[in-house]
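2 protein chains.
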Amino acid sequence: MTAPRPHVVILGAGFGGMAAARELSRAHVEVTLIDQRNHHLFQPLLYQVATAALSPADIAGPIRSIVSDMPNVRVLLERVTGVDKAAWEVNLESGRTVPYDWLIVATGARHSYFGNDAWAEHAPGIKTIDDATAVRCKVLLALERAETETDPERRKALLTFVIIGGGPTGVEMAGAIAELAHRSTSRDFRSITPHCSRVVLVDGGPRLLAAFPEDLSAAAQRAIEHLGVEVHLNGRVTHVAHDHVEIGGEAIATFTAIWAAGVRASPAAKWLGLASDAAGRVVINPDLSVPNCPNIFVIGDTAACDGPDGRALPGIAPVAKQQGKHVAQQIVATLRGVACKPFRYRHYGNLATIGRKRAVIDFGRLHVTGFTAWVLWSVAHVYFLVGYRNRLAVGWNLLWNYLTFARHARLITGEVPAVHAVPSLQPAE
Amino acid sequence: MTAPRPHVVILGAGFGGMAAARELSRAHVEVTLIDQRNHHLFQPLLYQVATAALSPADIAGPIRSIVSDMPNVRVLLERVTGVDKAAWEVNLESGRTVPYDWLIVATGARHSYFGNDAWAEHAPGIKTIDDATAVRCKVLLALERAETETDPERRKALLTFVIIGGGPTGVEMAGAIAELAHRSTSRDFRSITPHCSRVVLVDGGPRLLAAFPEDLSAAAQRAIEHLGVEVHLNGRVTHVAHDHVEIGGEAIATFTAIWAAGVRASPAAKWLGLASDAAGRVVINPDLSVPNCPNIFVIGDTAACDGPDGRALPGIAPVAKQQGKHVAQQIVATLRGVACKPFRYRHYGNLATIGRKRAVIDFGRLHVTGFTAWVLWSVAHVYFLVGYRNRLAVGWNLLWNYLTFARHARLITGEVPAVHAVPSLQPAE
Chain A
16 MTAPRPHVVI LGAGFGGMAA ARELSRAHVE VTLIDQRNHH LFQPLLYQVA TAALSPADIA
76 GPIRSIVSDM PNVRVLLERV TGVDKAAWEV NLESGRTVPY DWLIVATGAR HSYFGNDAWA
136 EHAPGIKTID DATAVRCKVL LALERAETET DPERRKALLT FVIIGGGPTG VEMAGAIAEL
196 AHRSTSRDFR SITPHCSRVV LVDGGPRLLA AFPEDLSAAA QRAIEHLGVE VHLNGRVTHV
256 AHDHVEIGGE AIATFTAIWA AGVRASPAAK WLGLASDAAG RVVINPDLSV PNCPNIFVIG
316 DTAACDGPDG RALPGIAPVA KQQGKHVAQQ IVATLRGVAC KPFRYRHYGN LATIGRKRAV
376 IDFGRLHVTG FTAWVLWSVA HVYFLVGYRN RLAVGWNLLW NYLTFARHAR LITGEVPAVH
436 AVPSLQPAE
Chain B
16 MTAPRPHVVI LGAGFGGMAA ARELSRAHVE VTLIDQRNHH LFQPLLYQVA TAALSPADIA
76 GPIRSIVSDM PNVRVLLERV TGVDKAAWEV NLESGRTVPY DWLIVATGAR HSYFGNDAWA
136 EHAPGIKTID DATAVRCKVL LALERAETET DPERRKALLT FVIIGGGPTG VEMAGAIAEL
196 AHRSTSRDFR SITPHCSRVV LVDGGPRLLA AFPEDLSAAA QRAIEHLGVE VHLNGRVTHV
256 AHDHVEIGGE AIATFTAIWA AGVRASPAAK WLGLASDAAG RVVINPDLSV PNCPNIFVIG
316 DTAACDGPDG RALPGIAPVA KQQGKHVAQQ IVATLRGVAC KPFRYRHYGN LATIGRKRAV
376 IDFGRLHVTG FTAWVLWSVA HVYFLVGYRN RLAVGWNLLW NYLTFARHAR LITGEVPAVH
436 AVPSLQPAE
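Keeping their order, the protein sequence lines are chains A and B. The first sequence begins at 16 in my numbering and counts up by one. The second sequence begins at 16 in my numbering and counts up by one.
Extracted from the complex, chain A is given alone in its bound form (with noise of 0.2 Å):
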C-alpha cells in the first residue's frame, strides 16, 4: 500500500551530519548515516582533553546511542572510498555499496600543512580524539622529562611549547597549556617551576583571531600575554623538525610544537569528480547542491560556501549545523514538489576562550570580552554538548576544574618512549 521511503544516505556524523539526520528523522524517508568513527565529537571542546582537563567522553557520545530515538536512521561504521554518481551509489573500504536517492556529504577537514607533510610527525594536530590524546602526552611528557633532565638547554627545550596558528584553535590551545604548565609545575614537581616554562603562539598573520574585529583580536593578545603566553604575529614557520620549529628563519628550541595553522577538506571533491577551491572544499550551488546532481548536497567544512558579505564561511559549528537542517528541509520540500531555495547562514555569534577565564564574543554589533564572555562561552559550549549526561559531565568538570585548577585528566598512556630516545638537541641551522 506505502511506496517505498526514500532512501537519505548521509557521510559523516559530525555536526552537519548529525544536524541533517535529525531533522530527517521526523520525515518520510530512510536514513543511513556512515562514519569512519562510532562516535559524535564535539569538537570546540577538544583543546580541553588535549590540555587534560576532560575525558575523551566527556565530549563525545556514541552515535548509535544519539540516534537511538530515531527509528527511520541506521548507523554504519564504515569508511568511504568513493560515490559513483551515475549509478547513485556510495562505495565503502569494505567493498559493499549503499545506493542512495539523496546523499548528504559532511566529512568534515583535517589539518593540513600547506604541503609539508612531513611536519605532521613533530607538529600534531587536533582534530580527533586520538589526535587529542596524543597532543595531552606530549605535553605531559615533556613536563616529566623536564623533571630529570639536568642539561640546562634540554631541559629549556622541554619547557618550551610552541603552538602554530593564532586562531580559535590555538589562542585556547595556547592559554590551556599555559595554564597547564604554570599551574602543575607549581604544586606538582620538585625540581621545575613555573618561571622555567614558555609558551609560544606563531601566526603568520599581523593579528590574533584573524576572522573576529579588530578589537577583540587586541582583548585576545593582552588576555592570553596576560597568562604568560609569548605573542609572534607576522611569523612565517619555514620548518618544524622534532627539536626546534624555525620562524622566519629563527630557531625556536622545543620539543612540543602543536599546529593549528590550517584545515583541508576531506576528499569529498575527488569522490564526487568536481572543482574545490584552495583548501580542497567542494565548490556547490547556492542551495548547497552539487553542479548537475540535485540529489546530492555538501555541507560543513567539506563545502566552500560564502556568506551574505561576500566571504566564505568560517568552518565553524553553527555554519554546519544550520547547512545540515537546510539540506534536510530541502529535501523534504522536494519531495513534496517545493522548488530548492537558497541556504541563508544567521550569524549569532563567534566565540573564543582564552585560558581559565577569560573569552571574546563577536555578536557582530555588541563585542564581549573578560569574564562575563566566558561565562557566556561556558553556558554555550555545555547547553551545545549533545545529551543530558554529557551537559552534566562537562558542567561538573569546568566548575571543578576552574574552583581548584585541577586537570584530572592527566593521563600518559600508549607506548611510551623511553625518556633517552629523545635525543640530544642539535644546533640549527
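If you're looking for bench data, these hints aren't it; they were derived computationally from the structure. C-beta atoms are modelled at their ideal positions from N, C-alpha and C, and glycine is treated no differently. It is possible that some hints are incorrect.
If you want a taste of the chain A side facing chain B, the calculated C-beta under 10 Å gives, among others [as the list claims (entries may be wrong)]:
#1 His54
#2 Arg111
#3 Asp203
#4 Lys285
Some chain A residues well away from chain B (every beta-carbon gap over 12 Å; in silico) [stated by the list, open to error]:
#5 Pro71
#6 Gly219
#7 His257
#8 Asp324
#9 Ala348
Position chain B against the provided structure of chain A, taking the given hints into account.
Frame of chain A; chain B shown alone:
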C-alpha cells in the same frame, strides 16, 4: 646541623607503593617513587573501563598530584632495568642510577598465558588503562561489525564473547559484557538483537571464584547465569586463535576472547637475583625483606607471602596496602633501633561484583550476596578510590549507569582495522 636523611626508593606506584609513600611522608626520610607510568590506577574498577561504563581518568590519577602534599616524596617517570644490590643502586632504562638506603619493590604483576604467549594477541588481558581501552574497542567493534554482517555464521561469531578465567576479574567482565551487549543491542542497533549475543565464561576449575567459600561461588554462578552468561567449568583452554577458542578440543567461534586467567609477577626476582615461585613472585622473609638484604623489601603482587592459614595471600589491593604500610613502619622502626616484626595480614573481606546490581562478599564468617552485597561493594570501591574528585566522579557515573543502564564511554579510538580485515571463519581443526 642535621644529618642527611636516609633515602627510601619505592619501585611502583600501585596500592603497595602508594601506601608505603604515604606512611613515609610523615617520617624523617627522603623518598623517591619510581613508576613507568604517570598515574596511579584503581585496578579493581578497570573492567568498568573495558566495558565502557567509566572513563580512564575516573579511575586513575596522576601520581604527582596524589603526592603533591608530601614534600619529601619525589616522583620519577622511568622504567627499572635492574638493581645493583652490592652498590645499593637502582638502574633505570635511561641509563641513570638512583642510590638507595632502603628499597621497596612493589612493581605488581602482568597477566600470564602459561607459556602460550601467542594467545596474547587474540585474548588480551586487563591490567592497564591501555589494556582496558583496547578491550573496549574490541567489544564495541564486534557489535558494530555484527550489525552489518550478512553471513549468519560470522555474525554469530562476532556476537560471541569468551572470557577465560573465572576469578573475580573474569566474573566481573562476563557480567558487564553481558549487560553491555544485551542492553545496547536492544536500543541502539537495528539488525542485531539481545538474543543474538552469547557470553561464555570458562574456568579450568570445578567452580567460579575459587578463592571464595563454596556457597558464594554457587551464588555467583546463579547470578551470572541469570544475566545470560554461559558458564563452562572444568574447561581447559587448549588453543586461542583470532576467530575461535578451543576448550578441551571443542571450538567456540568468536572474534572477542578476553584473558582473565592468570598473572605473572614483574621481573623483580631477576633484578634482585633471588628465588621465585611458579608465578614469578619473590620468596621473602616473614618481615617482607628479602634474604640477606635487610634493606630491601618486596610487597604486593610481586611477593610470595603466606597468610595466617598457610595459603598464599591473594593478589588484591588490601594485601598490598597493608604490606606497604608495614614495610614503611619497619623502616622507621629500624632507624630508631627497634627490631623488625613479621607481617600479619588482617583480612577484612573479599568482594566480587556480578553485573549491575549483584555481588558476593566473603567477610570470613559472614557471607553476603545479591543487592545488599552490591551496595556494600559500591560504597567500598568508591570510598577507597584515591582522591575526592574521583570518588565523586565514579560515584556519579556508577549511580547514573545504574539508573539508566547507560554506557557513556563507548568510544572506539585508535587505528580501527578495516571491516574486511576480519577474514572469513576457518573451520577449526
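Each hint tested on the structure:
For His54 (chain A), the suggested interface contact is upheld, since its CB lies about 5 Å from the closest CB of chain B, less than 10 Å. The interface hint given for Arg111 (chain A) is met, as the beta carbon of that residue sits about 8 Å from the closest beta carbon of chain B, less than 10 Å. Because the beta carbon of Asp203 (chain A) sits about 4 Å from the nearest beta carbon in chain B, less than 10 Å, this interface hint is met. Contact between Lys285 (chain A) and chain B, as hinted, is not supported at the beta carbon level, the nearest pair being about 19 Å apart and thus beyond 10 Å.
The Cβ of Pro71 (chain A) does not lie farther than 12 Å from every Cβ of chain B; its closest approach is about 6 Å, which violates its non-interface assignment. A cut-off of 12 Å between C-beta atoms confirms that Gly219 (chain A) is not in contact with chain B; the least separation is 32 Å. The claim that His257 (chain A) is not at the interface with chain B holds, since no C-beta of that chain comes within 12 Å of its own (minimum 18 Å). With a least CB separation of 39 Å from chain B, Asp324 (chain A) remains clear of the 12 Å interface cut-off, as annotated.
Every Cβ of chain B is farther than 12 Å from the Cβ of Ala348 (chain A); the closest lies at roughly 27 Å, confirming the non-interface assignment.
Going through the hint list in order, the structure does not satisfy hints 4, 5.
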